[in-house]
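**Student:** Sequence:
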Amino acid sequence: VYLISEEYTLAENNAPYQLEMMVWVNTVHQEDGCNVQISTDGGDNWTIIEPSYTPIQPEGGYDETVIAALPNQPGWTGTYGDWFPAYFDLSAYEGMNVTFRVAFGSTSQNEDADNRYAGVYVDNVIVRGQETYDIVSVEMVDTQVASPSYYAISQNYPNPFNPKTAINYQLPVASEVSLKIYDMSGRLVKNLVSETQEAGHYRVFWDGTDDNGNELGSGVYLYRIDANDFQRTKRMVLLR
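In the working numbering, the protein residues as written are 1 to 240.
Calculated from the structure, these hints are not laboratory results.
Treat the hints with care, as some may be off.
[Stated by the list, open to error] Okay, derived cross-link-like pairs now, DSS-like style, lysine-lysine, Cα gap no bigger than 27 Å in a straight line:
1. Lys180 to Lys164
2. Lys180 to Lys234
3. Lys190 to Lys234
4. Lys164 to Lys190
5. Lys234 to Lys164
6. Lys190 to Lys180
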(Lines of atoms letter the chains of each structure in order from A; the text may use other names.)
(Lines give C-alpha, C1' and ligand atoms only; values in the text may rest on other atoms or scores of the structure.)
Protein backbone atom coordinates (compact mmCIF):
# COMPACT_ATOMS: atom_id res chain seq x y z
CA VAL A 1 0.00 0.00 0.00
CA TYR A 2 1.32 3.44 -0.89
CA LEU A 3 0.54 7.02 0.09
CA ILE A 4 1.73 9.13 -2.86
CA SER A 5 2.25 12.89 -2.80
CA GLU A 6 1.95 15.50 -5.49
CA GLU A 7 5.08 16.55 -7.37
CA TYR A 8 7.08 19.35 -5.79
CA THR A 9 9.94 21.51 -7.09
CA LEU A 10 12.82 22.08 -4.70
CA ALA A 11 13.74 25.59 -5.77
CA GLU A 12 17.42 26.35 -6.23
CA ASN A 13 18.92 28.54 -3.52
CA ASN A 14 15.95 28.01 -1.21
CA ALA A 15 17.50 25.85 1.53
CA PRO A 16 16.86 24.09 3.83
CA TYR A 17 15.70 21.16 1.69
CA GLN A 18 13.91 18.81 4.04
CA LEU A 19 10.96 16.44 4.26
CA GLU A 20 9.27 16.36 7.66
CA MET A 21 6.48 14.17 9.00
CA MET A 22 4.95 12.70 12.13
CA VAL A 23 4.84 8.88 12.16
CA TRP A 24 2.90 6.36 14.28
CA VAL A 25 3.89 2.67 13.98
CA ASN A 26 2.10 -0.29 15.60
CA THR A 27 3.13 -3.40 13.66
CA VAL A 28 4.57 -6.89 14.07
CA HIS A 29 8.32 -6.49 14.53
CA GLN A 30 10.35 -7.25 11.38
CA GLU A 31 7.27 -8.67 9.64
CA ASP A 32 5.28 -5.51 8.87
CA GLY A 33 6.39 -1.91 8.50
CA CYS A 34 6.94 1.10 6.26
CA ASN A 35 9.55 3.31 4.66
CA VAL A 36 9.68 6.55 2.68
CA GLN A 37 10.66 6.76 -0.99
CA ILE A 38 11.38 9.52 -3.50
CA SER A 39 11.00 9.78 -7.27
CA THR A 40 12.56 12.35 -9.60
CA ASP A 41 10.81 11.15 -12.77
CA GLY A 42 7.14 11.52 -11.93
CA GLY A 43 6.78 8.16 -10.22
CA ASP A 44 8.34 5.83 -12.79
CA ASN A 45 11.21 4.93 -10.47
CA TRP A 46 11.49 5.11 -6.70
CA THR A 47 14.45 5.28 -4.30
CA ILE A 48 14.26 4.61 -0.56
CA ILE A 49 15.38 7.62 1.48
CA GLU A 50 16.45 7.23 5.09
CA PRO A 51 15.61 9.71 7.84
CA SER A 52 18.41 12.01 8.92
CA TYR A 53 16.88 12.16 12.41
CA THR A 54 14.18 10.56 14.53
CA PRO A 55 14.01 10.19 18.33
CA ILE A 56 14.30 6.43 17.70
CA GLN A 57 17.49 6.76 15.62
CA PRO A 58 18.96 10.22 16.43
CA GLU A 59 21.94 9.60 14.13
CA GLY A 60 19.69 8.72 11.20
CA GLY A 61 18.40 5.64 9.43
CA TYR A 62 15.51 3.26 10.06
CA ASP A 63 15.24 0.98 13.07
CA GLU A 64 15.45 -2.25 10.99
CA THR A 65 17.43 -3.08 7.86
CA VAL A 66 15.12 -5.88 6.68
CA ILE A 67 11.31 -6.02 6.88
CA ALA A 68 9.73 -9.13 5.37
CA ALA A 69 6.60 -7.51 3.92
CA LEU A 70 8.26 -4.60 2.10
CA PRO A 71 9.94 -7.01 0.91
CA ASN A 72 13.31 -7.19 2.63
CA GLN A 73 13.77 -3.43 2.64
CA PRO A 74 14.71 -1.22 5.59
CA GLY A 75 12.01 0.67 7.44
CA TRP A 76 10.18 1.35 10.66
CA THR A 77 8.66 -1.69 12.33
CA GLY A 78 7.49 -2.82 15.75
CA THR A 79 5.28 -1.02 18.25
CA TYR A 80 6.13 2.45 19.58
CA GLY A 81 2.74 3.44 21.01
CA ASP A 82 3.11 7.12 20.19
CA TRP A 83 3.79 9.59 17.39
CA PHE A 84 7.38 10.57 16.63
CA PRO A 85 8.85 13.17 14.25
CA ALA A 86 11.01 12.14 11.27
CA TYR A 87 13.21 14.40 9.17
CA PHE A 88 14.76 13.63 5.76
CA ASP A 89 17.64 15.63 4.25
CA LEU A 90 16.76 16.52 0.64
CA SER A 91 19.81 18.67 -0.15
CA ALA A 92 20.93 16.16 -2.83
CA TYR A 93 17.72 16.95 -4.76
CA GLU A 94 18.09 20.75 -4.97
CA GLY A 95 16.45 22.11 -8.13
CA MET A 96 14.66 18.84 -8.95
CA ASN A 97 11.01 17.91 -9.24
CA VAL A 98 10.31 15.31 -6.56
CA THR A 99 7.44 13.05 -5.55
CA PHE A 100 7.22 11.12 -2.29
CA ARG A 101 5.49 7.98 -1.20
CA VAL A 102 5.16 6.06 2.05
CA ALA A 103 5.26 2.32 1.40
CA PHE A 104 3.54 -0.03 3.87
CA GLY A 105 3.71 -3.81 3.82
CA SER A 106 1.99 -6.46 5.96
CA THR A 107 2.34 -10.23 5.81
CA SER A 108 -1.11 -10.81 7.31
CA GLN A 109 -3.94 -9.13 9.19
CA ASN A 110 -2.19 -8.94 12.53
CA GLU A 111 -4.46 -6.73 14.62
CA ASP A 112 -5.24 -8.27 18.01
CA ALA A 113 -7.86 -7.65 20.70
CA ASP A 114 -5.79 -4.84 22.21
CA ASN A 115 -5.40 -3.10 18.84
CA ARG A 116 -1.61 -3.30 19.23
CA TYR A 117 -0.98 -3.94 15.55
CA ALA A 118 -3.13 -1.23 14.01
CA GLY A 119 -0.67 -0.35 11.24
CA VAL A 120 1.09 2.89 10.28
CA TYR A 121 -0.11 6.49 10.19
CA VAL A 122 1.59 9.65 8.93
CA ASP A 123 0.56 13.24 9.58
CA ASN A 124 1.85 16.83 9.34
CA VAL A 125 3.91 16.12 6.21
CA ILE A 126 5.84 19.17 4.99
CA VAL A 127 8.32 19.68 2.14
CA ARG A 128 10.80 22.50 2.74
CA GLY A 129 12.79 24.07 -0.06
CA GLN A 130 9.88 24.97 -2.30
CA GLU A 131 9.43 28.60 -3.34
CA THR A 132 6.27 28.43 -1.25
CA TYR A 133 5.82 25.32 0.86
CA ASP A 134 2.60 23.71 1.97
CA ILE A 135 1.29 20.57 3.57
CA VAL A 136 1.74 17.58 1.25
CA SER A 137 -1.43 16.24 -0.32
CA VAL A 138 -1.69 12.52 -1.07
CA GLU A 139 -3.65 10.29 -3.42
CA MET A 140 -4.50 7.81 -0.67
CA VAL A 141 -4.86 8.59 3.01
CA ASP A 142 -6.26 6.78 6.02
CA THR A 143 -8.29 9.42 7.87
CA GLN A 144 -8.51 7.32 11.03
CA VAL A 145 -5.72 9.22 12.80
CA ALA A 146 -5.41 8.43 16.49
CA SER A 147 -5.53 11.31 18.97
CA PRO A 148 -2.76 11.49 21.53
CA SER A 149 -3.49 9.60 24.74
CA TYR A 150 -1.28 11.75 26.97
CA TYR A 151 0.63 15.04 27.16
CA ALA A 152 4.19 15.13 25.83
CA ILE A 153 6.80 17.53 24.49
CA SER A 154 9.82 16.41 22.49
CA GLN A 155 13.41 17.55 22.49
CA ASN A 156 13.81 20.35 19.99
CA TYR A 157 15.41 19.51 16.63
CA PRO A 158 17.97 20.38 15.46
CA ASN A 159 19.85 20.86 18.71
CA PRO A 160 22.24 22.70 18.82
CA PHE A 161 20.66 24.96 16.21
CA ASN A 162 21.22 28.05 14.09
CA PRO A 163 19.13 29.84 13.02
CA LYS A 164 15.89 27.91 13.65
CA THR A 165 14.69 24.89 15.61
CA ALA A 166 11.41 22.95 15.88
CA ILE A 167 9.54 21.92 19.03
CA ASN A 168 6.84 19.23 18.85
CA TYR A 169 4.23 18.61 21.52
CA GLN A 170 0.92 16.82 21.88
CA LEU A 171 -2.32 17.37 23.77
CA PRO A 172 -4.81 14.58 24.61
CA VAL A 173 -7.63 17.08 25.32
CA ALA A 174 -8.33 20.74 24.63
CA SER A 175 -5.94 22.75 26.82
CA GLU A 176 -4.80 26.22 27.77
CA VAL A 177 -1.27 26.10 26.38
CA SER A 178 1.69 28.26 27.32
CA LEU A 179 5.07 27.61 25.66
CA LYS A 180 7.83 30.03 26.63
CA ILE A 181 11.60 30.40 26.22
CA TYR A 182 13.84 31.48 29.12
CA ASP A 183 17.54 32.20 29.38
CA MET A 184 19.60 30.46 32.06
CA SER A 185 19.03 33.31 34.50
CA GLY A 186 15.29 32.59 34.36
CA ARG A 187 14.45 35.68 32.31
CA LEU A 188 11.57 35.25 29.86
CA VAL A 189 12.83 35.97 26.33
CA LYS A 190 10.12 34.59 24.03
CA ASN A 191 6.45 33.74 24.32
CA LEU A 192 5.88 31.14 21.58
CA VAL A 193 2.34 29.97 22.38
CA SER A 194 -0.34 31.40 24.65
CA GLU A 195 -3.79 30.17 23.64
CA THR A 196 -6.39 27.43 23.94
CA GLN A 197 -5.67 24.54 21.56
CA GLU A 198 -7.66 21.44 20.64
CA ALA A 199 -6.35 17.91 21.21
CA GLY A 200 -3.72 16.96 18.64
CA HIS A 201 -0.08 17.19 17.58
CA TYR A 202 1.62 20.56 17.26
CA ARG A 203 4.92 21.94 16.02
CA VAL A 204 6.29 25.42 16.61
CA PHE A 205 9.54 27.00 15.48
CA TRP A 206 11.91 29.35 17.28
CA ASP A 207 14.37 31.48 15.33
CA GLY A 208 16.54 32.58 18.25
CA THR A 209 14.95 36.00 18.64
CA ASP A 210 13.24 37.62 21.62
CA ASP A 211 9.72 39.07 21.74
CA ASN A 212 11.03 42.31 20.21
CA GLY A 213 12.61 40.52 17.24
CA ASN A 214 16.18 40.96 18.49
CA GLU A 215 18.65 38.14 17.84
CA LEU A 216 19.81 36.43 21.02
CA GLY A 217 23.37 35.31 21.58
CA SER A 218 24.78 31.81 21.72
CA GLY A 219 23.99 29.88 24.85
CA VAL A 220 21.74 27.43 26.63
CA TYR A 221 18.04 28.28 26.77
CA LEU A 222 15.09 26.63 28.48
CA TYR A 223 11.69 25.99 26.95
CA ARG A 224 8.72 25.28 29.21
CA ILE A 225 5.23 24.08 28.39
CA ASP A 226 2.23 24.48 30.68
CA ALA A 227 -0.95 22.78 29.47
CA ASN A 228 -3.69 22.30 32.05
CA ASP A 229 -1.91 20.29 34.79
CA PHE A 230 1.02 19.25 32.56
CA GLN A 231 4.36 21.06 32.90
CA ARG A 232 7.74 20.19 31.39
CA THR A 233 11.00 22.10 30.93
CA LYS A 234 13.81 21.15 28.52
CA ARG A 235 17.13 22.66 27.47
CA MET A 236 18.35 23.67 24.02
CA VAL A 237 21.52 25.22 22.67
CA LEU A 238 21.71 28.17 20.28
CA LEU A 239 25.03 28.46 18.41
CA ARG A 240 25.63 31.63 16.40
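**Student:** Each of the hints needs a verdict: does it hold here or not?
**Tutor:** Hint-by-hint comparison with the structure:
Under the criterion of a C-alpha separation no larger than 27 Å, the hint pairing Lys180 with Lys164 is consistent with the structure, at around 15 Å. Proximity of Lys180 to Lys234 is assessed by CA-CA distance (about 11 Å); at most 27 Å being required, the pair is judged to hold. At roughly 15 Å between alpha-carbon atoms, Lys190 and Lys234 fall within 27 Å of each other, so this suggested pair holds. Proximity of Lys164 to Lys190 is assessed by CA-CA distance (about 14 Å); at most 27 Å being required, the pair is judged to hold.
Taking the CA atoms of Lys234 and Lys164, the gap is near 16 Å; set against the 27 Å cutoff, the hint holds. Restraint check: the Cα-Cα separation between Lys190 and Lys180 comes to about 6 Å, which is no more than 27 Å; the hinted pair holds.
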